[in-house]
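Protein chains in written order, with UniProt numbering: chain P, 1 to 428; chain L, 1 to 428; chain Y, 1 to 428; chain F, 1 to 428.
Bear in mind the hints are in silico, worked out from the structure with no lab data behind them. Incorrect hints may appear among the rest.
[Unchecked claim] List of simulated lysine-lysine pairs, DSS-like, C-alpha gap at most 30 Å:
(1) Y:K371 x Y:K88
(2) Y:K172 x F:K62
(3) L:K88 x P:K172
(4) L:K62 x P:K172
(5) F:K371 x F:K172
Number of protein chains: 4
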Amino acid sequence: MTRAAPTPALLRRRYRAVRAVTETLCAPLLTEDYQTQAVTEASPPKWHIAHVTWFFETFLLKPHHPDYRPGFPGFEVLFNSYYESIGKFHPRHQRGHLARPSVEEVYRYRRTVDAAMEELFDLLENTPDRTSDPTTTATICGFIELGLNHEQQHQELLCMDIKANFAVNPLKPAYRRDLPRRTVEATRPLRWVEQGEGLHEIGHAPGSGFAFDNESPRHRVWLNGYRVADRLVTNGEYLAFIASGAYTQAAHWLSDGWAHIRRHDWQHPLYWERDGQGGWLEMTLGGWRALDLHAPVCHVSYYEAEAYARWAGHRLPTEAELEVVLAQQALQGNTFDQGFLHPMPAGTDGQWHGDLWTWTGSAYLPYPGFKPLEGSAGEYNGKFMCNQMVLRGGCCATSLDHLRASYRNFFYPHDRWAFTGIRLAGDL
Amino acid sequence: MTRAAPTPALLRRRYRAVRAVTETLCAPLLTEDYQTQAVTEASPPKWHIAHVTWFFETFLLKPHHPDYRPGFPGFEVLFNSYYESIGKFHPRHQRGHLARPSVEEVYRYRRTVDAAMEELFDLLENTPDRTSDPTTTATICGFIELGLNHEQQHQELLCMDIKANFAVNPLKPAYRRDLPRRTVEATRPLRWVEQGEGLHEIGHAPGSGFAFDNESPRHRVWLNGYRVADRLVTNGEYLAFIASGAYTQAAHWLSDGWAHIRRHDWQHPLYWERDGQGGWLEMTLGGWRALDLHAPVCHVSYYEAEAYARWAGHRLPTEAELEVVLAQQALQGNTFDQGFLHPMPAGTDGQWHGDLWTWTGSAYLPYPGFKPLEGSAGEYNGKFMCNQMVLRGGCCATSLDHLRASYRNFFYPHDRWAFTGIRLAGDL
Amino acid sequence: MTRAAPTPALLRRRYRAVRAVTETLCAPLLTEDYQTQAVTEASPPKWHIAHVTWFFETFLLKPHHPDYRPGFPGFEVLFNSYYESIGKFHPRHQRGHLARPSVEEVYRYRRTVDAAMEELFDLLENTPDRTSDPTTTATICGFIELGLNHEQQHQELLCMDIKANFAVNPLKPAYRRDLPRRTVEATRPLRWVEQGEGLHEIGHAPGSGFAFDNESPRHRVWLNGYRVADRLVTNGEYLAFIASGAYTQAAHWLSDGWAHIRRHDWQHPLYWERDGQGGWLEMTLGGWRALDLHAPVCHVSYYEAEAYARWAGHRLPTEAELEVVLAQQALQGNTFDQGFLHPMPAGTDGQWHGDLWTWTGSAYLPYPGFKPLEGSAGEYNGKFMCNQMVLRGGCCATSLDHLRASYRNFFYPHDRWAFTGIRLAGDL
Amino acid sequence: MTRAAPTPALLRRRYRAVRAVTETLCAPLLTEDYQTQAVTEASPPKWHIAHVTWFFETFLLKPHHPDYRPGFPGFEVLFNSYYESIGKFHPRHQRGHLARPSVEEVYRYRRTVDAAMEELFDLLENTPDRTSDPTTTATICGFIELGLNHEQQHQELLCMDIKANFAVNPLKPAYRRDLPRRTVEATRPLRWVEQGEGLHEIGHAPGSGFAFDNESPRHRVWLNGYRVADRLVTNGEYLAFIASGAYTQAAHWLSDGWAHIRRHDWQHPLYWERDGQGGWLEMTLGGWRALDLHAPVCHVSYYEAEAYARWAGHRLPTEAELEVVLAQQALQGNTFDQGFLHPMPAGTDGQWHGDLWTWTGSAYLPYPGFKPLEGSAGEYNGKFMCNQMVLRGGCCATSLDHLRASYRNFFYPHDRWAFTGIRLAGDL
Ligand SMILES: [Fe+3]
Ligand SMILES: [Fe+3]
Ligand SMILES: [Fe+3]
Ligand SMILES: [Fe+3]
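Modelling step: build the complete structure from the supplied sequences, incorporating the hints.
Structure below.
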């Protein structure tokens, strides 16, 4: 299916919508919540909302808005995440040390950039030829689309990081006490989707809408016959793994994984805590809850996912295997739009998109013939293609219109503050 | 001079005054400023103002107020600094990770404790016999006095820690832009105060007002003849030390000091920065300022103080030597009450109390016959008597009514975020 | 080509030969050299020669020699490298702290195990049915072959680790001053070997001789058309990369690589040193030598290999691409048997096997359908399949009869004490 | 008592004797033992025997032997311990990484320096005026005496470091299995030696024989009345401290001490191990032995000594208190010369000199008026006067003729690989 590139008018509507989502997401936060960085891998919410704004300022307003004058000295450095070609950036682990700019000033920055973006949209819609030559409207629109998808990624990061910040607090505060939930009576048996051996194409098909550069080029890959589970591994199933003594037996683990769980004394997924009565509590964006045995196990590292799969007599899918199957499923699921902000038990349908990013057995590497974007945007994805593993499928904090089967997410094997889960696979 | 123990009525007035000073001190802070912990040795202002309140709750209200019911669950742990005998405490380096309780709730805590303290004062003034036996009014008053001096110590810490938080910010914000200053035309020559050899008494004299337990017992000490400079070493004088290549030559330094300055690449005092035109800027609570060559050099470690003194052909005084001389000087100087919040150039008079705590060549150890306070308050000072050096004299962030000649401050030899300076001494 | 499994008689001859090579390799060492562990990733030579002996004792003598009685208490733990299923092992980074057992005792251990292995060979040759049922002769022979290939791997490690130990010594000692060298007048142009797109088979073909478990199963893989350079990148070529300022410009590097070279202040390959006259010296097993500009650049990390290739306008080959081409080349080259113990300049022929392991762009992961060996030997390779990159082709410290096109070596991206180099590739 | 300075002839005899002791001490070592550095604070025996030789070469032969030509390139740097004014030195924690020079070459170095020293003695005895003017014979003899005392200090370090190296080895080897022992039936009650208040003199009296610079100048000190125990605390007594739960209760410990024992999980003195039957084993230079309950507790840190003393209702003596009492006792005891190389139970006499260095409550600081030696030798002691605590009394590894009441030893509060013990004191 070929999708036409979005028009400036459409992009303006999407711009307003996406930007509004970010602010709605932050609405329950106190000023203090905006400021905190409880773990190094997370960033303070204040930093996120300034950084996504910086992205529009840097990649759209400065190069393409003829009259834009930056009005917030120092922000260029403070809110650059990691773009070496743009200039210096403040060390990531010190983002939480910056009381200033205040939350109020960061919102002023947002409003200033939003106003200038509206002007840019005016230009694009009314007098496209006034945009500085030789940059075409198409290029500008491409960057706007990138900026919107970027902001959607940071909405997901906001969910992850807010959770991390709340989780360390002994007072056990909740981001929102009013989150909806869905429950089931029992975990339904998993069903396998089978796929015969053959040559497949994976990656982003040109003309089929937005994708990040790391999803291209579309290319052929040979796959042996395989099968993939139609739902995620549950908390109840994972508890059996724990009960078997898994966290105390080297035999189950990759060597680096075993070293890591020993060094950090891991005995269960992140955000779990014993309830003192033989059960478990789990930290969610809705606060601490009794662990739902039928819901997908969440916040596991690659080490845990890989060990569980092997212990269960299966394996993780490769990213190609999973993409082929995901591409066959309707693009729907427990995504950010559903409002649960937590993985929910599988219903009778397949549990494919949303809920949790599932670890694949594939390292994050360039596709054959990969070319990063031109200019500074080339640093977006390419330079991270080492030491990380690919995850697929989106999660309960991913917007549905930000998702597609070819989407490649990636984290280090030990990372587990993202909404990560386990999907089983096997050979035919 | 014997000073009578303060009456409940007097203590109530002091309580109100000291508590108000803390809040005035914090008035210029934004909510974000309250929340930040930029360096591990510092604490967020929010934590300070809760902790000093916790101190009154823990040592006065819980044991001595007959009707007091703690209303802030979790605060007992969160705002306990280091009292092992009272219970667990939140790790110091994670104080900045706690978005909650909010600043607003912490002030609600303050007001709640203040109200209960007023009731306790009522009891003490009106019906002293209602206070739970066998605790006498004297004991309670002693703890109140301790709590007030404790809060004054934290006022000084607030000044230090606010400065540390502001200093890391590339936007170069200032705590207060309106701080007064005092300048002189030239650095006046230093004069020596001489003291012949003999037996001296140092330490706190019973009945002479409040003192911490570590200042007792008063005891005899033999001193050889010595002399002490009547003013502090200036920035200009210290610059000559730097210009001589001091930070690149091992010969000047204690072995541990040399290792430390190499490891941390120290090349000048803390909070200094080159101005790009051959001069220096210095971070102050009034913001970044051109370095005043006639003002005392500030934010130096023991390693730097000791090295400078040796390089200059002198030495640091011992704590006994300095106390003997300080006790002869009028109790006045550039203290917190003056409002400079920064050391100021010496005038024609001696520069003795205030301005900067000066490093002595004495390790922080118990006085002969030292007995810590009974109970948990015994952890206040005694357990830190190792690995630290004594400083004397108070500083520009010390309240005058909190100061006395026998006051023993102490920091690790590498610490320099306190208001520390250098006073020279020598043998006769 | 199908190769028959080796007979016990043949294995005995190989056993004697391989064991003798290890001892010849160690002959130039002083007792002190045997004892040293200068970097954590290396092991003391004494440990290596005991560990390879432990391998035969553990996997052959204990399970399969009916009368074998272990006579060296404690060695089971000391010389177990990482086999969790066998029991505890001494921490790797403390191997150099063990003065005892002495070198002499370790050789006594070798001789004891060698004698018992001769008895096992007698049993296998003369009365194969006496070996404990149901273990068949074939199984035992398989483990012997594994043990011999294991010892050959450790011969290569010995070369690497001896070099590491000698390199840190300011006295600049050499392992052997009499190593031969080969020089050329000029670097010859590189030629490309091209391969059209298509389905290929890679991995170990059953019945074609020994291979480690990680080389199986043989499987199909789709490759786009590509080309591979027929020689390695030279020191001269790499110097141009350095001269371009590569080590100071983030743009060339993977994000993790840039962080690593900054943290460790890398400015050139390992074992390079400026000669003080504008040139470079390089540490070799023959001592420090002037850098040969025509010889392959050696001791580079994956980060450096990947950055160089990109800077040069090319890329690294994948492991499948390289295996396909290597399988077409005669199995010969500058291997351990040639005695250079250092990479040599390419002659007019292709430079394919030997000289240096070349980094591929492939992460070390299980092949589709991979099954580790049964029992403890399953820990040999499988548990390391994370966070490492594959290298191919063997090196100047690899024995020719230990080498084959399907051989998968693997190191962490930052490792560079192995004999590692760079081979370029590109798309057609 | 004034002692005449030693004549060259006497010094020659002492030189031969002291140097011989070092070699006798090392005689039981294998080459591998010479090479090992199991913990960073210890040095390999090979390094010690080269370094003490370097000391004579550097401070005697190079400046004062007219014909001496250094013949061992690189040794100047390798065997310089920490004399910044002499030049670079090899990092301490990498001493164990130097396989070369070999043990044999280090002995060749010793013999070369010994021969040249004999020539220097010839010069001093026969033609003192040929020694380079204006250096007088007295100065040279002073340095020789310093060199001999330095070598004796390193003999003690050799005992400590050999023990550390042997202790980490799971094979439980012993330095010497034939060491003598002394036992008693029961721990005798301790007796107190009392001292009334008054002015005392401590420090080295000029003309009374050799002393290090840090023991001068002799000076007055006021002491309140006090008492000191006439024997050391025993293992049995210390076990009661452990049994009381001391290592799990913060209340007993200095704050830094508690942090240290938590971080390193200390639960008993260094070199202790449970014997599996309710008792304890202790590592000694004679190998692992059942803990002798009547022998002094050994290898405790200052933190443990201080905590024990407080728990027992006493305190540690200050260095002045202890020196005053030690000076009253006969200079005899369980020193290196006795050959036990381990502390022995107190007999009926006082246990004063030897056995174990006892921690004092005094920080290691300069005496009033302290002047370090001229030149590089000034780095011997002075630059370490920070962060360490003073120990007094010598130990079972200290030669008797190297000992005196004014001797100041010093270690960091957490150090415990030296022969350290506990002596109680109290106020009168
Ligand atoms: Fe971003
Ligand atoms: Fe406090
Ligand atoms: Fe091995
Ligand atoms: Fe020494």
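(request) Output the numbers, in ascending order, of every earlier hint that fails for this structure. (result) 5
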